[in-house]
Amino acid sequence: MTDTTKTTISIDDVYYVAGLSKIAVSEEEATKLQAELDAILGYVQQLNELDTTGIKPTYQVTGLTNVDRDDVIIDYGVDQQALLQNAPHVQDNQIKVPKVL
Amino acid sequence: MSNTIHELQTDLAAGRVTATKLVEDALARLEEKQATHNISLATARDRALERARAIDEARAAGKPMGRLAGIPFIAKDNFLTFGTTTTAAAKILEGFEAPYQATSIEKLEAEGAIMIAKANLDAFAHGSSTENSYYGPTKNAVDPTRVPGGSSGGSATAVALDIVPFALGSDTGGSIRQPASLSGVLGVKPTYGLVSRYGVIAMASSTDTIGAFARTADDLALVMDVMAGKDERDSTTLPDVSTSLLTDKNQPQRLKIGIVKEYMTDAVQPEVRAAVQKRVDDLRALGHDIEEVSLPSLDLALAIYYIIIPAEISSNLSRYDGIKYGLSAEQAKALDEVYGLTRDQGFMAENKRRILIGTYVLSSGYYDAYYRKAQTARTILINEFKKTFEHYDMLIGPVSPTTAFKLGENTSDPLKMYLADIMTVAVSLAGLPAVSVPSGEDKKGLPIGLQLIGKQRDDGLLFAVTKQLEGVK
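Chains A and B are the protein sequences, given in the same order.
1 is the number of the first residue of the first sequence in the numbering used here; add one for each residue after it.
1001 is the number of the first residue of the second sequence in the numbering used here; add one for each residue after it.
The reader is advised that the hints may include incorrect statements.
Subject to a maximum C-alpha distance of 25 Å in a straight line, what follows is the list of computed DSS-like cross-link-like pairs (lysine-lysine) [stated by the list, open to error]: (1) B/1444 - B/1406; (2) B/1473 - B/1443; (3) B/1091 - B/1107; (4) A/32 - A/96; (5) B/1444 - A/99; (6) B/1256 - B/1444; (7) A/56 - B/1444; (8) A/32 - B/1473; (9) B/1444 - B/1473; (10) A/99 - B/1333; (11) B/1091 - A/22; (12) B/1256 - B/1387; (13) B/1278 - B/1256; (14) A/96 - B/1333; (15) A/22 - B/1333; (16) A/32 - B/1091; (17) B/1256 - B/1033; (18) B/1249 - B/1467; (19) B/1386 - A/56; (20) B/1033 - B/1107; (21) B/1278 - B/1416; (22) B/1107 - B/1021; (23) B/1387 - B/1416; (24) B/1386 - B/1033; (25) B/1261 - A/96; (26) B/1467 - B/1278; (27) B/1261 - B/1416; (28) B/1406 - B/1467; (29) B/1444 - A/22; (30) A/96 - B/1324; (31) A/32 - B/1416.
Rather than coming from a laboratory, the hints here were simulated on the basis of the structure.
Isolated chain A (complex conformation) (with noise of 0.2 Å):
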């Protein structure tokens, strides 16, 4: 078995970060996932031993910033009907989704 106490990432932050990301793991995922998981963040502490005082990080690497356009209505014509044939529930032209609460 892992010893759990050197682990970075724990059952308990397993099922934590399934829940933000709305997946619904079995326990026996979690417990594969716990041991996966914690091999890839393993490997990306390398990144720790890199100083990076004083640099900026980068989102986008082509130097473009803020690209927009006029406020107005594009008609790309994408039909509705079309749109609607994919979800699984529809009813008088609209989504339909279960109980909320």
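Model the placement of chain B on the given structure of chain A, informed by the hints.
What follows is chain B alone, placed relative to chain A:
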């Protein structure tokens, strides 16, 4: 059989063949190889034949023909297309019919190209072997006991087996270049923003690119030239790309080329290193100057990649909720159950791993240590590339540390599979263009690819050098 785009166009123009015949023949070849190689998830037979007949009639009537008129192709199944389903090889999108087409597909169709089928991939393009497909793996064109590479494995195999002259793929961290290398065909990942991603299922938006597989540099350049350009519907497309990508428009002078030291270590299969060294000789014989160059941060690229990309995946894949389209878990009663059960049943194990890693590195308390750290390390990597490109016109190295591995060889260890991307992810993080050029084979006869890496917007130069290398035997 002679069947590059340029050869087929000559035959079509001379009336030796029709578009209808080309489409029928390509579909017949696909059907034959489907049983052994599992290349395609669906064909678009009716729509393809209808379009072929229309093009044949227009040609007979003397109407002007598009640059790809009558040429059949296959698109990875993460491109939204008419004519058949779009599933991303994921159960959660089983049966999905796209209400509109990707910009890249629209542009190819405007020039007369005909999509005949959708190619298999790792579900949502998460993988390096096409084994993460809900519909089973595609097989390597050269050795069907081995993987074709991934995630665009179906597209690579289709071109390698001469089913179509070109196929479309997407490359987020190597998903075109690596299967091109393992399958022995040309593949390009363009400069970030060169080709619109509108209508292609998003994976990681800061590195997703649209590219292609082909068998000649001229064909590859032509397809990319047709697809490139600003699109109002993808705000990351580059506004100022006006130069042609065609090989005859880009004549390389004497280039200064760096061979990347970090990509030629003992960890790389010796035959792969030898094949790259042979290409160094070829490039010298063509008049280029080559010397070794070191980019130390490359060793960290995979760690950076496997923080940033899962983070973006966790965000992009949040839209699959069992409500608007695709799978919806039938036993679910309340809304939260619909989300949870649908996503558990509809995603493959690798999709879940990436979503969970991404959610973890973005979650409160870990954001700075992982996500922000990785984006900062990315800056260091990009600056290193920029500095290197002040002195070099192009960089070269292998695409993949090994030739095609056996089916099942790496599936039990996700981290081991990630290492297949070790020499392709840095280019993606920096938004650079790169081409995988077939460059010999190993002792087993498995293909080896050379990676040509350019500065941003130097895609045309890479195609021209690819053409020069084609001339070397």
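> Failing hints, ascending?
Replying inline: 3, 4, 5, 6, 7, 8, 17, 20, 21, 23, 24, 25, 28 and 29
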